[in-house]
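Engineer: Residues per chain, in single letters:
Number of protein chains: 2
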Amino acid sequence: MSVTAAKGFTAAGIAAGIKENGNPDLALVVNNGPRRAAAGVFTANRVKAAPVLWSEQVLKGGQLAAVVLNSGGANACTGPKGFQDTHATAEKAAEVLGVGAGEVAVCSTGLIGVLLPMDKLLPGVETAAGQLSEHGGEKAAIAIKTTDTVHKTSVAGKDGWTVGGMAKGAGMLAPGLATMLVVLTTDADVDGETLDKALRDATKVTFDRVDSDGCMSTNDTVLLLASGASGVTPAYDDFAEAVRQVCDDLGQQLIRDAEGASKDIKIEVINAATEDDAVEVGRSIARNNLLKCAVHGEDPNWGRVLSAIGTTKAAFEPDRLNVAINGVWVCKNGGVGEDRDKVDMRYREVHIVADLSAGDATATIWTNDLTADYVHENSAYSS
Amino acid sequence: MSVTAAKGFTAAGIAAGIKENGNPDLALVVNNGPRRAAAGVFTANRVKAAPVLWSEQVLKGGQLAAVVLNSGGANACTGPKGFQDTHATAEKAAEVLGVGAGEVAVCSTGLIGVLLPMDKLLPGVETAAGQLSEHGGEKAAIAIKTTDTVHKTSVAGKDGWTVGGMAKGAGMLAPGLATMLVVLTTDADVDGETLDKALRDATKVTFDRVDSDGCMSTNDTVLLLASGASGVTPAYDDFAEAVRQVCDDLGQQLIRDAEGASKDIKIEVINAATEDDAVEVGRSIARNNLLKCAVHGEDPNWGRVLSAIGTTKAAFEPDRLNVAINGVWVCKNGGVGEDRDKVDMRYREVHIVADLSAGDATATIWTNDLTADYVHENSAYSS
Chain A
13 MSVTAAKGFT
23 AAGIAAGIKE
33 NGNPDLALVV
43 NNGPRRAAAG
53 VFTANRVKAA
63 PVLWSEQVLK
73 GGQLAAVVLN
83 SGGANACTGP
93 KGFQDTHATA
103 EKAAEVLGVG
113 AGEVAVCSTG
123 LIGVLLPMDK
133 LLPGVETAAG
143 QLSEHGGEKA
153 AIAIKTTDTV
163 HKTSVAGKDG
173 WTVGGMAKGA
183 GMLAPGLATM
193 LVVLTTDADV
203 DGETLDKALR
213 DATKVTFDRV
223 DSDGCMSTND
233 TVLLLASGAS
243 GVTPAYDDFA
253 EAVRQVCDDL
263 GQQLIRDAEG
273 ASKDIKIEVI
283 NAATEDDAVE
293 VGRSIARNNL
303 LKCAVHGEDP
313 NWGRVLSAIG
323 TTKAAFEPDR
333 LNVAINGVWV
343 CKNGGVGEDR
353 DKVDMRYREV
363 HIVADLSAGD
373 ATATIWTNDL
383 TADYVHENSA
393 YSS
Chain B
13 MSVTAAKGFT
23 AAGIAAGIKE
33 NGNPDLALVV
43 NNGPRRAAAG
53 VFTANRVKAA
63 PVLWSEQVLK
73 GGQLAAVVLN
83 SGGANACTGP
93 KGFQDTHATA
103 EKAAEVLGVG
113 AGEVAVCSTG
123 LIGVLLPMDK
133 LLPGVETAAG
143 QLSEHGGEKA
153 AIAIKTTDTV
163 HKTSVAGKDG
173 WTVGGMAKGA
183 GMLAPGLATM
193 LVVLTTDADV
203 DGETLDKALR
213 DATKVTFDRV
223 DSDGCMSTND
233 TVLLLASGAS
243 GVTPAYDDFA
253 EAVRQVCDDL
263 GQQLIRDAEG
273 ASKDIKIEVI
283 NAATEDDAVE
293 VGRSIARNNL
303 LKCAVHGEDP
313 NWGRVLSAIG
323 TTKAAFEPDR
333 LNVAINGVWV
343 CKNGGVGEDR
353 DKVDMRYREV
363 HIVADLSAGD
373 ATATIWTNDL
383 TADYVHENSA
393 YSS
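In order, the protein sequence lines correspond to chains A and B. So that you can map any letter, position 29 of the first sequence is 41 in the working numbering, and since no number is skipped, the others follow by simple counting. So that you can map any letter, position 347 of the second sequence is 359 in the working numbering, and since no number is skipped, the others follow by simple counting.
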C-alpha cells in the first residue's frame with residue numbers, strides 16, 4: 013500500500029535522530045520512472061516554511077525524481093539559513109540518487125522556528141537511500157508522523173494502474189490549503205498537466221474541506237508523482253476519480269486521528285444559492301468553538317449552528333433555516349423543530365445538516381469536537 | 013455606581029422565576045428625564061433574537077423611557093411567538109410605568125431556541141417597577157448575569173455630569189458587534205445624534221475589539237440613555253472620552269471574567285499599513301486555537317503567531333515580521349529572535365506585540381486563552 017503500491021516507486025523510512033525520542037523521522041520516496049511527471053499544491057498561508065518555498069519552485073518544472081520528508085522540525089520561520097538547509101537536503105538526495113537537485117522536493121513538519129539538525133538529517137538521507145525498497149511505503153508513512161497516533165495510507169485504481177498515498181496530520185488542519193503532508197504516487201502514464209488538474213480538483217473537495225481546528229499551517233504540501241510504469245493511460249475521469257478517492261480516504265483518516273478529538277463531525281450544507289455559499293457556511297459552523305464544545309458534550313445545541321450561519325455573507329433568510337442533527341430536524345424555519353431529546357449523539361460520528369433554503373448547491377465540511385484533550389495536547393508542550 | 017450613578021435614572025433587579033435556580037433574572041432601568049434621548053448598537057449576526065429586532069426598531073425614534081432586561085433565556089430563534097413575547101414585555105413595562113411601548117427597549121440573554129416563561133416574566137416586570145430606586149443599579153447589574161461570576165459596573169465623568177453603566181457577558185464574546193448586554197446611562201444634557209456618535213466611536217475601539225472565543229451572539233446589545241438631569245452639556249470630546257472610558261472598563265471586566273479563562277491576552281498590532289490591517293491581524297491571532305492553548309500552557313510559541321498572521325490579507329513581508337511576548341522579542345525578521353526562555357508567562361496578563369513593519373497604524377485586540385475549563389463550561393450543559 014502507501015506510496016509504493018504503484019509500480020515504479022521505492023521508499024524508505026528511518027530514524028535519523030532528528031526527533032529526540034528516537035522515533036522514525038525521515039522518509040524518502042523515489043520515482044524510478046520511466047516517467048517523472050509531478051504536481052503539487054501547497055499551503056495558502058503567506059508565512060511559508062523553507063521546504064514549501066523550495067518545493068513550489070521545483071514543481072514549476074513539472075518533474076520530480078524524489079521527495080525527502082522529515083518530521084521533528086518544520087523548518088519554518090528559520091530565515092536564510094533554513095532555506096539553505098532545505099537546499100542542502102535536496103542536493104544530498106540528488107547526489108546519492110544520481111538525479112538533479114531541481115527534481116527533489118522537500119517536506120518538513122514539526123515545531124516552527126527551530127533549525128533542523130543537519131548533522132543528523134544529511135547522513136539520514138544517505139542511510140534512507142540505502143534502504144529504498146518497493147515495500148518501503150509503510151515505513152515512509154510511519155516516519156512522517158508527528159502527534160499522529162496511527163500512520164495513514166490509501167490506495168485506489170483499476171485496469172492495471174494504481175494510485176497510492178500516505179499522509180500525516182493531527183492538529184492544524186484547516187482549509188484553503190493542502191492541510192498536511194501528503195505524497196501520492198501513480199504508475200498511470202499521465203503527464204504533469206493532467207496530474208495538476210486531477211490533484212487540484214481532488215484537493216478542492218477533500219483536504220480543503222477538512223477543518224479540524226481552523227488553524228492553517230506554514231508547511232502543508234500535497235504532491236502527486238507519476239512513474240508511467242504501468243504503461244496505461246487511463247481516461248481522465250477514471251484517473252481523477254481514483255485520485256479523489258485516495259485524497260478523500262486520507263482526509264477522513266486525518267479527521268479520525270485529529271488531536272484530542274472524540275467526535276468526527278460531518279457538516280452538510282444543502283440548498284445553498286452557490287457552492288461558495290455552502291462552503292462558507294460549512295466552515296463557519298466548523299469553526300464555532302461553542303458548537304464544538306456542545307458536540308463534545310453530546311448536546312444538540314442547534315442555536316449555536318444558527319448563530320454560526322448568521323455570521324456569514326451567504327444568501328439565506330433567518331426564518332427559512334432548517335437544521336438536522338443525526339437525522340432529527342431540531343430547527344425548522346429558524347425556530348424550534350422536532351424534540352431535541354430524540355437526538356442520539358452517543359456515537360463518534362455526528363452528522364449536522366444545515367438547510368439554507370436558498371438554492372440547490374451543496375458542500376460537506378468535516379471537523380472535530382473541541383475537547384479538554386485538545387487543549388492539553390496543545391498546551392502541555394511546544395508543537 | 014452602575015446605571016443609577018447618573019442623575020435621573022432608577023433601576024431594579026429581581027428574581028422573577030425565569031431561571032430555574034431562583035437567581036435574579038429580571039432588571040428594569042428607567043429614565044425619568046427630563047430628556048429621554050437614546051442610542052444603541054446591536055449584534056452584526058444576521059440571525060437576530062426577537063428583542064434585538066424589537067429594540068432596533070424602537071431606537072429609530074431616538075428615545076427610550078425604559079429598558080427591560082432578562083437573563084435565563086435569549087428569546088432567539090423563537091419565531092413569531094418569540095417576537096410577540098418581546099412586544100408583550102414592552103407593553104407591560106409601558107403600562108406599569110405610564111409610558112409608550114415604543115419607548116421601551118428589551119434585552120434577553122440565555123439559551124437560544126427556548127420560549128420565555130411569560131407567566132413569570134410579565135408579573136416580574138410589575139414587581140420590578142415597584143422596586144425602582146436610585147440605588148437599584150447594582151441589583152440590576154446582578155440580575156442580568158448568566159455564567160458571569162461577578163457583576164460588572166463602571167462610572168466616569170466630570171464637572172457635574174456622569175456616565176455609568178452595567179454589562180453582562182461571559183462566553184460568546186466576539187467583535188463586529190456589541191458583544192453582550194450593556195446599558196449605559198448619563199445625566200449629561202445630550203441629544204440622540206450625539207449619543208449615537210459617541211457610542212459608535214466608543215464601541216468600535218472597545219467592545220468590538222474584545223474577542224474571547226470568536227463566537228458572535230444573536231442577542232448582543234449596547235444601549236446609551238441620556239436623562240439631561242445634570243443640566244450640563246459637556247464638550248463633545250469630553251463626553252465621548254467618558255463613554256469610551258466606561259466601555260473600555262466594562263470590556264476589560266468582560267475579558268477578565270470570560271468562561272474558563274486563565275490568561276487575559278492583549279494583542280497589540282503595530283506598524284501596520286492601515287488600522288483595518290491591524291484589526292484583521294489582531295483578530296486572526298486572537299482566534300487561533302493553537303496559540304490560545306500555547307498561552308494557557310505558558311509556552312511562548314511565536315510560530316503560532318506568525319502562522320496566524322500568514323492567513324490574513326494585511327500588507328506585510330514574512331521576513332520583516334517581529335513578535336514580542338511579554339517584552340521579549342522572540343521573533344525578529346520572521347525568524348528566531350531573543351531567547352524564548354527569557355519570557356515570563358506566569359502571570360494572568362499576557363502581552364503579545366506583532367510588528368508588521370508595513371506602516372504606522374496600530375490596534376489592540378483582547379482575548380483569552382483556551383482552557384479545559386472553557387470546554388467543560390460549554391459542553392457540560394446547554395447554554
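Keep in mind the hints are simulated off the structure, nothing from the lab. Warning: the hint list may mix true and false statements.
[Claimed, not checked] Heads up, simulated DSBU-like pairs for lysine-lysine below, C-alpha to C-alpha not over 30 Å straight-line: (1) A/K344 x A/K278; (2) A/K325 x B/K325; (3) A/K132 x B/K354; (4) A/K325 x B/K354; (5) B/K354 x A/K344; (6) A/K93 x B/K93.
[Unchecked claim] Quick list of the computed label-pair ranges, beta carbon to beta carbon: (7) A/K170 x B/K216: 55 to 61 Å; (8) A/L123 x B/E68: 44 to 50 Å; (9) A/R268 x B/E68: 42 to 48 Å; (10) A/K93 x B/N33: 56 to 62 Å; (11) B/D131 x A/D385: 39 to 45 Å; (12) B/T286 x A/E68: 40 to 46 Å; (13) B/G339 x A/L123: 47 to 53 Å; (14) A/K278 x B/G339: 42 to 48 Å; (15) B/R332 x A/G110: 25 to 31 Å; (16) B/K344 x A/P135: 27 to 33 Å; (17) A/T376 x B/D131: 39 to 45 Å; (18) A/E68 x B/E68: 44 to 50 Å.
Since we're looking at a predicted model, the values are computed, not measured. We treat Cβ as the ideally placed atom computed from N, Cα and C, and that holds for glycine.
Engineer: Please flag the earlier hints that this structure goes against, numbers listed from lowest up.
Structural biologist: 4, 5, 6, 12, 13 and 15
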